[in-house]
Structure formats: C-alpha cells, structure tokens
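Enquirer: So the sequence lines, in the order shown, correspond to chains A and B. Anchor point for the first sequence: position 69 equals 83 in this note's numbering, and the numbering is continuous, going up by one each time. Anchor point for the second sequence: position 68 equals 65 in this note's numbering, and the numbering is continuous, going up by one each time.
Keep in mind the hints are simulated off the structure, nothing from the lab. Please note: incorrect hints may appear among the correct ones.
Listed next, the in silico DSBU-like pairs over lysine-lysine satisfying Cα-Cα at most 30 angstroms (straight line) [what the hints assert, rightly or not]: (1) Lys262(A) - Lys137(B); (2) Lys108(B) - Lys152(A); (3) Lys137(B) - Lys448(A); (4) Lys631(A) - Lys50(B); (5) Lys573(A) - Lys592(A); (6) Lys273(B) - Lys152(A); (7) Lys573(A) - Lys674(A).
What follows is a list of derived Cβ distance ranges for each label pair [to be verified]: (8) Gly123(A) - Gly232(B): 37 to 43 angstroms; (9) Ser114(B) - Thr144(A): 25 to 31 angstroms; (10) Thr144(A) - Asn104(B): 38 to 44 angstroms; (11) Glu296(B) - Ala268(A): 37 to 43 angstroms; (12) Asn104(B) - Ala490(A): 57 to 63 angstroms; (13) Glu296(B) - Thr103(A): 55 to 61 angstroms; (14) Ala439(A) - Pro289(B): 50 to 56 angstroms.
Heads up, the beta-carbon is just placed ideally off N, CA and C, and yes, glycines get one too.
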Amino acid sequence: MTDATDLSELPAGPTVQGKLSRDDIMMRGGMLVIALYLVITLAFPLYAMLSKSFSTYRFELAQYEFQMSDEDGVFDGTILNGAELNEQTGAFDELDLSAGSDGRIGVTGFFPEFSFRSPVMYQIRNTSDTGRFLVGSKLEDGTDWVTLDSNTFRRVQLRPMESTGFGNFINYFSTPALFNSIKNSLWIAVVSTIVTVTLAFWFAYALNRSCMRYKGVFRLIAMAPILVPSLLPGIALVYLFGNQGMIKELLFGASIYGPIGIVIGSVFFTFPHAFIIISTALAVSDARLYEAAASLRATRWRTFWTVTIPGARYGLISAAFVVFNLVITDFGLPKVIGGQFNVLAVDIYKQVIGQQNFEMGAVVSVVLVIPAIFAFAIDRLVQSKQVALLSARSVPYQPQPDKRTDTFSFIYCAFVGLFIIGILAVCQFAALIKFWPYDLSLSLNNYQFDRMDGGGWGSYFNSIKLGLLTAVFGTAIVFFGAYLVEKTNGFKTGRALFQMFAMLPMAIPGMVLGLAYIFFFNNPSNPLNAIYGTMAILVICSVTHFYTVSHLTAVTALKQMDREFESVSASLKQPTLKLFSRVTVPVCLPSILDISIYLFVNAMTTVSAVVFLYSPKTSLASIAVLNMDDAGDIAPAAAMGMMIFYTNAAARIIHLLVSKGVLTRTQAWRTR
Amino acid sequence: MKHTAKRLASFLAGVAFATVAVAETELTVYTAVEAEDLARYAETFNQSHPDIKINWVRDSTGIITAKLLAERDNPQADVVWGLAATSLLLLKSEGMLEPYAPAGVENLDPKFVDGDSPPAWVGMDAWVASVCYNTVEAEKLGLTPPTSWKDLTDPMYAGHVIMPNPNSSGTGFLDVSSWLQMFGEEGGWEYMDALHENIARYTHSGSKPCKLAASGEIPIGISFAFRGAKSKADGAPLEIIVPSEGVGWDMEATAIVAGTANLEAAQTLVDFTVTKEANEMYNSGYAVVAYPGIAKPVEHFPEGLLDAMIDNDFEFAANNRAAILEEWQGRYDGKSEPKS
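Same shape as in the complex, but just chain B (with noise of 0.2 angstroms):
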C-alpha cells in the first residue's frame, strides 16, 4: 500500500515534471516576413527552444503598423520580428519599443543595429528595391530594357510602368525615400513627375507591381529584387534590373514590444534571432542578411545589388514620412482619370 502511494507521487510528480518541463511560454509575434518563410523561421526556432511557442501575427508592413500603433495603449504583441525598420523607428519614437542588447549582437554589421545603447531593434535583412522587366512583353511593344532610374522616366515607357503607392505599401516608400535621398529634395520630386507621366497605375502592394509584370499585364514593375527572385524561379520571363544610380532599401528588423508580459521569452527570441543560424535562415529568402559573411548567392538574384544599395538614412526616411507622403499625394493621387 505504502508502496503504491509512492509510486504514485512519484508518478504524479513526474506528471507535474512533465507539465512544466513542456509548459509552454506563448509569445504573440508580429511579423510582415512572406507567409511561406513564417513556419521554416518558427520551426528552426523551436529546435533550440522548443519550450517558447511563437503564435504569429502575419500581415503587410502598414497593416502591422497600424496595427500596433493603435495599440500602442494596450500592446498585444511581445516580439516584432521581422518588420520594416521604417516602422520600427516609428514604434521607437512613440517609446513602445524595450531596448535590448541580444547576445551576440557585436557580431553583426553595424550598420543593422540600432544606433542607441542597448538597441531599440535590432536588423535581420535588407530588402531592395529593383525593377522587374518582362522581355517578352517589351519586345512586342519594342521597348528597350533601361538601365537606370532616369531612363524610366523616357516617354518610350509611357503606360508601360506600375509603382506601389507608397501611401499604402512600404516598398513605395522606400523608393520615394529614396529617390528623396539620391537626387536631393528637389531633384527627388522633380524626376517623380517626370516618372509619373509614365505610370499606368499606382497599386496597393509592393510586390503586385512586379507579379504583374511577371504575369505580361504591365511589361515594367517597380518592386523589390526578392520578389523578382522567386517570379523568376517560377517560370516568368523576367529581367531583374538594378538602376544604376544606386537602389534604396529597408531592412527587416527585430524588436521587443515595451511592456510584454513575457520579457524573458522574447529576449531569448530575440538573442535567437541574431545568431548565424538564424541569419543563414533569412539568407534563403533575402541576398543581404545582417549577419557579415554568411551569405550565399540566392537563385535569380541580380549581380551588383549589394553595391548598389545606397547610404539609408532611416532617420530621415522616419522623421521625414508624414510631409513626404502628403506633398506625394498632393503631387499624384489627386489625378483621378487613370491613364491608359
């Protein structure tokens, strides 16, 4: 009898154990990262911890935004991983972000970590801009690939180019911004004009742009490199172009929401998130990852990218998107006749 009670306890101690030992920490992550990569990232992660379960929160970059600003009051997430760090400078300046120096962060290139000490966020990525061209499409209407972003604005291309509306798409802004930064105030705003007398359209997304070329509806789409990748790797007849004048970018960054309930979880996501292994798992997707020679060539990407990026001023680009996007909206979303 005695006998048995102790099994039991033990038993049922073991039962506890157990329970513990699987308890599972819940981080709620928001994220903007492609929905095809979320479960290789969450699966990779969960080998090393399996005892932190990540539940995403998966949307575009503005929805994300938005959606954490306007719960700036009451936050829901614990960890943003993977966003723009256009919007995580935004969080930072409402002071919704926890500044932490994940393990490890001395390894990366500078350049992708936060400026502050600890860091605010810290960068995984980058994420570039391009334009995807479809030769089969130009070579029925005769057209002649470009090579820099002033040949765009050349009236051959009149109807034939698709940007995101960098109102609604973050890769829309990265352009302007950056074309902002490259031609000067001035300049920027000066070969925006000249580019929208070529634009068929402003779309939503930034990917649309060149799944659109991908599929022969518009023969040139300003987009990002990644996606013009994987379009290629599916079977589209396109040419990636890098500008000559240099391409803007955003990076992918990491950060813990201030006032999570699960600081010590999240800071374990995040010392994850800037290891070499986690770098080699965004180097599947992304040609430029944060993490200094780790990264291999991706399939289809184009040569010279990564020279080409330019000197990102995020503080700019950040401090800068409320007057840039009205004098954009101003300039070109007032013209209600769509051009054929």
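For reference, chain A alone in the conformation it holds in the complex (with noise of 0.2 angstroms):
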C-alpha cells in the first residue's frame, strides 16, 4: 500500500476525458427531457406558489388625493393627500391596511366633520395609474378628479394594491382559527398514526408469522381500501354513527363529526399503506436468531421485543411516516366528517373556494408542506440506514403451527376484515336505499348522477379516461426515466439531481401541487396556459403527484438488471434504444404493469390532486363523490364511491391476469 502522502506529491496527471458516444449523447438527451418534465410540472408550480404567498395586497393611501369644498360647493383647491389625511385623524393604523385581494376600506373616517347630510361636497382622484377606488361598486382607476356629494361620497371605497412582503403570514398566525388548525392536524395525524400502525403490525403479525387459514383473503381484504378515495369512510361513518346511524349507540352520545371521525376514516384509508410495509419488513426475518433465543430460554414476550420488533423497526418507522404524511396531507375525510374540526386541508379548500383568498391559500399551502417534508425526510433517511437482514448464510423463518397463535391471530384479522368489509358494505347498502331512513326500500334511484349536482356518470368516464391516460404516459414518462437515470454512463452530478427531483413529489401535499399548478398554468403570459382545464393538466398533475412511488418501482426492477447487458449490446455495436425494447422492456415487464395499476387506481381515487384543477368537461368520479356530499346528496355519494371501487377491482383483476399472461411468455428465463 503506498502512504497518502505519496500520492498527493505526484504531478496531477491529465483529466481523463471519456468520449462520448452517440448513445451517451441521446440518452444524456433524453435524461434532460424528461428532468425538463419534473422542472415545469413541479419546480416551477411550486416556485410560483411560494411567490403567491408572498405577495400580499396594501391600501396605499399616498396614491390618492382628495378635495372638500365648502357649504356652498366650491373648492378652494386645496389638495390632500390620503396618507397625511390618515397621519391627522388615525383613522387606520398598519394592520388595517393590509389586507386580501378582495379587500376595502371606506374614506369618511378622514374628514371627521364629515355627514352624509351635508351639502359639502368631495373631489378624489389616483395619483397614478396604479391606484383603485370604488364608488359604490363602479371601479374608478384613472387620475381625473371625480366629483361627489356627501351622500355619494361615503360609498367611496378604496381599493388595495399587490405588494410584496411576510404580511400574509404575519396575517396568518395572528388568526387564531387559521393557527389552530396545525395544532389540530399534527394531533389527528399522529393519532392515526399509532393506531393505524398498531393495527397493521398484528395484522401484518398475524398473516406473517402464524398458520391460521385463509391468509390470502385477508390479504386481499387489507387492500381493498387502496381501491376507494379517502373519502369514502367518512361517508360509511356517517351512516353508522350519524344522528341517523345504524350503531350510534356504540358511540355513547360522542359526534361522530370531528376528530373521531377523521381518526376512524384514516384508519381505514392508510391501512393497507402501512400493512404493506410492515408486511414486508416481517416476512422476512432469520430463523437462526429465534433458535438463538429459544436456546437462550427466552421467553416469547422477551423474544418478541428483542428479535422482532427490532427486525422490522425499519418497517415500522416508515410505515409511521407514511401514514403520518397521508393523514395530514388528506382533504377528502375531514372535508365530509370534520365538522368543526378544523384542519390544514380543509383551510386551503376553504381560503381558494370559500373566500377566493389565493394567497392566503398559498400560505397555508407553505405551512402544509413543511409537515409532509419533515416527515419524508425522516422516512428517506431511515430506509437508507437500512440494511440486508438476510444474509446468504440465513434460513427464513417458517411459522409453526399454534393452536392458540392461529385461533387468536384469526380472530384479531377477522375483526380487522370485518371494520373493512362492513365500511364497504354499508356504503353499498346506503347507495341502494330510496331514501334513508325514511324510505328504506330498495332502488337505484342514486345511481342516476346525471340529476345530482356533480357531474353525472360522465365523470365517471372522464375518471376512466384519465386513469387510463395517465397510466399509460406516466408509465411511459416514469420507466424510461429511470432506466436513464439507471443505465447512463458517468454524468454523476445529473443523475443525482435527477433523483432528488424524482423523490420530491412524495413530499407534496397533493392540495398544494394542485393549487400551485392554478399558479402557473394559469397564468396568461405562461406558453402553456392552453392546457389549464383539459384533460391534459389532470393527467400531468396525477402524473408527478405519484411519480415517486412509481420510480422507486421502476429503478428497484432495474437494479436488478446486470449493468453487463449494456456492455454486451454496446460491444456488440447495439444501439442502447434496441437493448432498452428487446431486453429491459420484457424483462421488467412485471414492474411495468405494477406501475401502470398504481397509476391507473391512485388516478381513479385522488381527490386532492385534481379538487382545484378539474373543469365540468372533465369532472372526476371522485369529485363527483365529493361534491355530490357537500350538496347533501350523501347516498349517491356512496354509490359513486363504489363505482369507483368496482372498477378498481376489475382494473386489478385485469392486471393479475394480464401479469399471469405475460408472465408465463416473457419471464420464463427465470424458471429452468
């Protein structure tokens, strides 16, 4: 070994400069086009968002001038100006003047001997052409002098001007309804979380390290709720705990409109989110190290808490942050059951939709967003620490037969599927009753949408439309993104941008990206203004907002692909393209078709993606669900629901038995 400092005396030698190659050049290409993609469909958005938050609107009181004749009507020519008016008499002090865009302030207060009575009249005018007054409701914004009569003159209202500054969020954490609403999401998400992730782990327990029967059931049941917008509990809950309810008693006077609802319906919704994980974390584990611990004569209960638990406590902590970060992020559930529970969410809906307060909604957003960061931050960096728990020397655990393990395990999943199943269920039930609870023949009355407020059964097929399209481009878009990023030679610094750009849509509130996206796209001045309110801005925006679970998906098959393959097509003067169709496509097939259901189920369910950019031609299915609730139309609602779960499960019966197909034809090479 030669001594470092050897090393650094030797002259610097030439950089060696590798030449690129026309494939290196077209996949560099492509790697560039598609990080162009990231940038304009989340960088910009977001940077645009960020700047609304910051510009707040001013009463600029120094753009106007006034004139007060005397009792007779004429006018000494006095000018006075609206500042120094306002130094006088402090009519307004610094928070009046700030204000929304939509806000206003009356002019008497400058003139104290003033009365609608008088026969004084009053001139006023903009200094610039910047400044904006009403009267009445008629906007005046040149610099000519406007003569009014007292009477008159008290129905003028100043108009404020965009300004730049921290007003709104000053603003912001001055409101106490606005503040408390972090308080209440920071509390509801880490309450579902420890349930939720309680629930899943002996869930998880049960399906992984027992032999109780009819695992695969359970297994699909856990699921089911993957298949349903986030919405959908909190309707069930309705009709289960409402006034009305099937089972209010079990609530014991308790409303079920608030954090006990949005607790339950998260339950629900992050189940499966965290059963997966943990799922995982435990089906694998080393048998060597129970046998160690039953040597050892431990007992179950210390052999649980020291070989288990700390095998899966990467699963655990990610399953938490995860389900932390969809709870607080979720609009849909405490939009239909949070009553006066005020949270994050709700408060941008409320601030864009109720008061068309943009910037207000831009800064909630930013308050949002840090949460949802923090906590993927957290997740990223405790998947890295991760490391292989099976080793090549490892035997896997295989589950012993216990009476007492089975029975119990069974009957702890059989309640969980039960919660699941009967959630569905009385959805269904409610969507086919005439008219709860006065009426409860059946009918399908609730099905015809097209009479309810919300979009009628063509959202339903827009909702087709856009999971179809949007499985199809984002697969396209994500898998050859990550095949660049994967297979391309040297450009470090690239790729690893390229990578921190893939991650970044897990961390955005779907809300936000949402909102930001009405931000940028439209914009009149943005060259793209033309797709806000098509198809194509939903499809782009369910794209990103789930682009990076599917890239995750999609480098994991890669890696597994040998890097030789390149070096063998390129030895064999093969163009990467040809190698990328003939080899990596088929090969991966399996991921690709994973991607594609992914895309296709979240695109069918996501309501908070699309909530600010849908248009009635292309109204969603879950939109529909939503906004037929907020109408009051509460069991079409359901049925639109199940709608929706329906062909879900069928998209995903289509894809297991297209995966079977393709399977059996491209993937025999595994088999020998």
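Once you've looked at the hints, go ahead and assemble the two chains, each given alone in its own frame, into the complex.
Expert: Here is the structure:
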C-alpha cells in the first residue's frame, strides 16, 4: 500500500475524459427531457406558489388625493393627500392597511366633520395609474378628479394594491382560527398513525408469523381500502354513527363529526399502506435468531421485543411516517366528516374556494408542506439506513402451527377484516336505499348521477379516461426516466439531481400541487396556459403527484438487471434503444404493469390533487363523490364511491390476469 | 359536362351555405344554477337560437366566483348566466363585466337591474333563505317549531341547528349579511353569538343543511326555500319556515364578461335571458323572478315568502364582504371542538 502523502506529491495527470458516444448523448438528452418535465410540472409551479404566498395587498393611501368644498359646493383648490389625512386623523392603523385581494376601506373616516346630509362636495382622484377605488361598485382607476356629493362620497371604497412581503404569514399566525388548524392537523395525524401502525402491525404479524387459515383472503381484504377515495369511509361513518346512524349508540353520545370520525376514517384508508410496508418487513426474518432466543430460554414476550420488533423497526418507522404524511395531507375525509374540526388541508380549500383568497391559500399550503417534507425526509433517512436482514447464511423463518396463536390471529384478523368489509358494505347498502331513514325500500335512484350536482355519469367515464391516460403516459415517462438515470454512464451530478427531483413529488401534498398548478398554468403569459382546464393538466398533475413511488418501483426492477447487458450490447455495436426495447422492457414487464396499475388506481381515487384543476368537461368520479356529499346527496355519493371501488377492483383483476399471461410468455427465462 | 359542373357548383355552394347556417358560435357560459335545470335552459334558448351553442361551466357559487377572479387577466367565459349578484358585484368592482342594456330590460322589476346605465348585470330570479324543519325528528326530540330567527337562539334547540359556513357558501353569507342588515351591526353579531351556541356544525354548502334536515340527520337546517321545496316534493317530512323578521335573499343574475371574443352572440344570449319566456323558465324552480306579474306559485314554496324578503343592500354586502367574513371566522371558526 502506498502512503497517502506519496500520492499527493505525484504531479496531477491529465484528466481522462471519456469520449461520449452517440448513445451517451442520446441518453443524456433523454434524461434532460424528462428532468425538464419534472422541472416544469413540479419546480416551477411550486415556485409560483411560494411567490404567491408572499404577494400581499396593501392600501397605499399616498396614492389618493382629496378635495373638500365649502357649504356652497365651491372648492378652494387645497389638495389633501390620503396618507397625510390618515396621519392627522389616525383612522387606520398598520394592520388595517394590509388586506386580502378583496379588501376595501371607506374614506369618510378621514373627514371627522363628515355627514352624508351636508351640502359639502368632495373630490377624489388617483395620483397614479395603479390607484384604484370604487364609487359604490363602480371601479375608478383614472387620474381625473371625480366629484361627488356627501351622500355618494360615503360609498367610496379604496382598493388595495399588490405588493410583496411577509404580511400574509403575519396575518395567518395572528388568526387563531387558522393557527389552531396546525395543532389539529398534527394531533389527528399522530393519533391516526399510532392506531393504524399498531393495528397493521398485528395484522401483518398474524399473516406472516402464524399458521392461521385464509391468509390470502385477509391479504386481499386488507388491500381493499386502496381502491376507494379517502372520503368514502367518511360517508360510511355518517351512516353508521351519524344522528340517524345504524349503530350510533356505540359512540355513547359523542359526535362522529370531528376528530373521532377523522381518525376512524384515516385508519381505514391508510391501513393498506401501513400493512404492505410492515408485512414486507416481517416477511423476511432469520430463523437462527429465533433458535438462538429459544436456546437461551427467552420467553416469547422477550423474543418478541428483542428479535421481532428490532427486525421490523425500519418497516415500522417507515410505515409510521407514510401514514402520518397521508393523514396530514388528506383533504376529502376531514371535509366530509370533520365537522367544526378545522385541519390545514380543508383550510386551503376554504380559503381558495370559499373566500377566493388565493394568497392565503398559498400561505396555508406552505405551512402544510413543512410537516409533510419533514416526515418524508425522516422516512428516506430511515430507509437509507436499512441493511439487508438476510445474509446468504440465513435460514428463512417458518412459522409453526400453534393452536392458540392461530385461533387468536384468526379472530383478530376477522375483526379487522370485518371493519374494512363493513365500511364498504355500508356504502353499498346506503347507495341502494331509496331515502334513508324514512323509506328503506331498495332502488337504483341513487345511481341517476345525471340528476345530481356533481358531474353525472360523464364524470365516471372521465375518471376512467384519466386513469388510463395516466397509466399509459405515466408509466412511459417514469420507466424511461428511471432507465436513463440507472443506466447512463458517468454524468454523476446530473443523475443525482434527477434522483432528487424524482423523490420530491412524494413530499408535496396533492392539494398544494393542484393549487400551485393554478398559479403556474393559469397565468396568461405562460405558453402552456392552453392546457389549463383540459384533461391534459389532470393527467400531468396525476403523473407528477404519483411519480415517486412509480419511479422507485422502476428503479428497483432495473437494479436487478446487470449493467453487463449494456456492455454486451455496446460491444455488439447495438444501439441502447434496441437493448431497451428488446431486453430491458420485456424483462421488467411485471414491474411496468405494477406501475401502471398503481397509477390507474390512484388517478381514479385521488381527490386532493385534482380538486382545483377539474373543469366541468373533465369532472371526475372522485370529485363527484365530494361534490354530491357537499350538496347533501350523500347516498349518490356513496353509490359513485362504490363505482370507483368496483372499477378499480376490476382493473386489478385484469392486471392480475395480464400479469400472469405476460409472466408465462416473457419471464420463462426465470425458471430453468 | 357544363351542366354537371354547374350542378356541382351549386351543390358546393349549398354545402357551404348549409355549413354557414349551422356554423355554431360557441359560448362559454359560467353558471351556478342547479345542474338539473341547465339542460332545460339551453334547450329553451336553442329553440329560438339554434346557431349558438352553450358550453356550460357549472359549479357552486364560490368556486365559479373564484374561477372568474382567478381568470381576471385571461377570461375564459363569455357570459355569466346564473350567478349570485353579490359575486357579480365583486366582478364588477374588478372591472370584469361588460355593461350592456339587453333589449327589453325596461320590462324587469328595477330591483333586479344594476343601478348603472348601461347596467353591468341583470337579475333573473331570487333565491330566498328559509328554515327547513323536520317534523318527524323534531317531534321525537320534543321541539316546537320556531317562527322567527330569534326563536332559534332558544336553548331548546341547542345542537339541533345546522347552517352553512359563510366562508364557503353563498347561502351562508346571505344569511349573515341579512342579519347584520336587519338587526344592525351590533345586534347582528349578538344574534349570531347566541345562535352559535345552538349550532351543531357549519356545512360547506348551502343546500346541505336542508338535505340533512330532510334525511333527519338534524331537525333544523338553515338553507334556502327552493331546496326545501324540492326535498319536500321528494317526500321528506319537512316544513319550510319563513322567519317572521324577514329573510335574506340574493338573486341570480346575468352579465357579459369584458373581453369576450363573441360579443354579438353574448348579447343575443343576454337579450334572451330577460325575456318573458326565459323568466317563465326560471319560474319552475324559483318563486320570485325578475319579470313582474308572471310568477306562478311553485309547489311547496312557503307562503308569504315574497313579503318576507328584506330590502337587500347588495352594495353593503359586496363592499363589506371581506370584513364580515374575517369577523365571522374569528368569532365562530376558531372553536375547534365540535359540539355534540
């Protein structure tokens, strides 16, 4: 071994620069294109949103000038400036002068002796072109004097001007109603996380570590909530525990509208996510550790805490942060069942839709992004620490039949399964009842979506279209992007940057992304403005929103393929594209199919990502569920929600069949 | 040969002419009218004007207003047909409306027409607050029907009243604005303080309180009369109560969006919206329409509703909207714990 100091004394040699082949250039070009896609659909909109949150509105009093006449209506020519008048009279303080885009203030406070009955006349004008004031509701933005009698002068309202600053954030944190939502959101997310992770852990434990029967069925049931929009459990809970609920007595008088409802619903819709992660962590375990524990005469309890839990700890932590993130960013469920319990995601909706206060919506979005990014960062950190539990010498753990454990596991899983099936069954039942609770006869009236506010059957077909388009384009973009980033030679910085970009979407809540899209794409000076209000923007938003998981799936599949393939094809003088289409894609086909079904199902169920972006022509089924519930048509909302469920279930079955067919055709090489 | 050419030419001309005749002007019309009425409106309009195709963009009042304001610098709509007057006043104060006096506007009740000349917007029909009262559930709980707004603050109704949140619902805002106008600024807030004690929760939409009352989820829903009449017609055990102090209202109105590329077609449409025929069409869902003397009684609409409508100051509502909503949010939205 040469000493390090010797090395540093050697003269620096010439840098060896590999010559870029045509393939390399093409691949880097391709990577740039996909990176550009991510920049345009993610970075730019987020930047637009951030700058919007700093765009405030202020009343610039110096921009207005006044004149006041005597009793006979004669003006003596004295010009009074608004800012000076305010200083003299103290009519408005600093906080009064910062406002929302819709703010307005009257001007009679500047004239202490003002009376609307007096014959005194007033004149008002803007000193510059940017000044704006209203007489009644008529906009005056010219710089000419406007002469008004006293009675009309009291109808003058000044309009605020756009400026930049921290005003919105100060406003936000000084509004207790809004500030409270942060606390509420965190509280809900923490409680739901604890409950879900605990339930999912034991469920996964029962499935992986016992010999109970019907494991496959339970696995299927546990995955069902992924197929429905997150607000569907909210609707079921209304039917179960609302004031006319079937089993409302179980709540002992507590109201389901509020934190209780949100937590139960959140447990339902996050359960499969937690289950998959924990189940994966529990699936692999080294039997030798258990043998060692047994030979050391450790009790089962002790073994559980010293072997099982440490083995699954990364899975548990990861599951916890995934659930936390899902709950805190979810919008549909608290909107349906939150009652007066305000959370951040619903606040964004109220600010934007209810008050048209886009700036404040952007501020709340920024606030919501912080815990989401935080949770995401910890999750990534934990995942990167994870090391392989199984080494070559490991002996996979095989559960032994044990009557007590198996029975207990079965009962527990049956309860969880009943909860999941029950929620879905209640929705289906509600959809078929004519008029709950007064007319319990069965009817299909609630499926006449065209008679309801919400988009009708058209929205259902739009959703399918969105799902298919997202699946096709999304899979193509994601997989190609992952391929380029995995298999390109050199270009380290570029690849690292790309990886970072690909990770980012997961940290951005759907609502925030949607709002950012409004700011970015609805800007008339944006050349991409034309896609606003079309199906294209919905597809783009969905692809971007669900980019990360798809990307990770693709990368995992590609990592299994040796880089030797590239070398071989290069030495055979075959273009990379040929290798890509002849070898890479067929080999990775199972993963490609997984990505497309993931994108399809999520595009069908997402509410938050598209709630700001749909137009009536592109209304979606998930949005229809939300809007019908909002209008009070709860049964049709349940009916539409179940349509989404059946569609997704059918898609899954098709996916299964296709995967099987494909596997036998393209994956024959895996078996000898 | 010559003949054929001639025939072909005339045929082509005919085709060209036919294309011109059917060549449709497409109008993008933003609306908050209930979905079930839209198809009927377009159909009636197309009977007399088959050459103009309406592309509806429908959503609730708040969303459509938000959409229009967001598109301030790049308007997508040609016409707004059926949006709350308070919202249109907001758009007017942004200079987003194209003033136009439709032919026959003088036939309308002046209360329904913008004060400026030419008017920036023209009213269609009124949309009146009411209380939906579920008789079956109320009886179970031993409640007596309220007759006035003040009655609703009776402790007897604690937790049995639902109203829309004015921050997300136009109906909620018209209630709040009417109380402030009727009871005065101070009295109005005092009234809402007392009412808040009885409110179970605030909903996001204006029709939901009545639908919740119809399904017995809550005995009393503060909503609007049109929704109540519809739910009652569907068989819900509802009574629609008109509080004795008077009820707030808003009107649906029509306006041309400034900067439309299809001004002529837009004017044709707005001309149609003030005709007697159009008003008769509005009448099937609204007891009060802008064209005097044609309103027929609507089934299940409460009696005396017309007389109970307050003298609504739309300018007050529009100019104080931001301040009122902020005050409301500070007072009632801050309480995080739901009441049971």
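Enquirer: Work down the list of hints and note, for each, if the structure agrees.
Expert: Now the hints, each set against the structure:
1. Lys262(A) - Lys137(B): holds (16 angstroms)
2. Lys108(B) - Lys152(A): Within the cut-off at roughly 18 angstroms; holds.
3. Lys137(B) - Lys448(A): Given pair Lys137(B), Lys448(A) holds - Cα atoms ~22 angstroms apart, limit 30 angstroms.
4. Lys631(A) - Lys50(B): Given pair Lys631(A), Lys50(B) holds - Cα atoms ~15 angstroms apart, limit 30 angstroms.
5. Lys573(A) - Lys592(A): With a Cα-Cα distance of about 19 angstroms, the restraint between Lys573(A) and Lys592(A) holds, given a limit of 30 angstroms.
6. Lys273(B) - Lys152(A): This hinted pair holds, its Cα atoms lying about 29 angstroms apart.
7. Lys573(A) - Lys674(A): holds (22 angstroms)
8. Gly123(A) - Gly232(B): 37 to 43 angstroms: violated (55 angstroms)
9. Ser114(B) - Thr144(A): 25 to 31 angstroms: holds (28 angstroms)
10. Thr144(A) - Asn104(B): 38 to 44 angstroms: holds (41 angstroms)
11. Glu296(B) - Ala268(A): 37 to 43 angstroms: Holds - the Cβ-Cβ distance for Glu296(B) and Ala268(A), about 40 angstroms, lies within 37 to 43 angstroms.
12. Asn104(B) - Ala490(A): 57 to 63 angstroms: holds (60 angstroms)
13. Glu296(B) - Thr103(A): 55 to 61 angstroms: holds (57 angstroms)
14. Ala439(A) - Pro289(B): 50 to 56 angstroms: holds (54 angstroms)
When the structure is compared with the earlier hints, a violation turns up for hint 8 alone.
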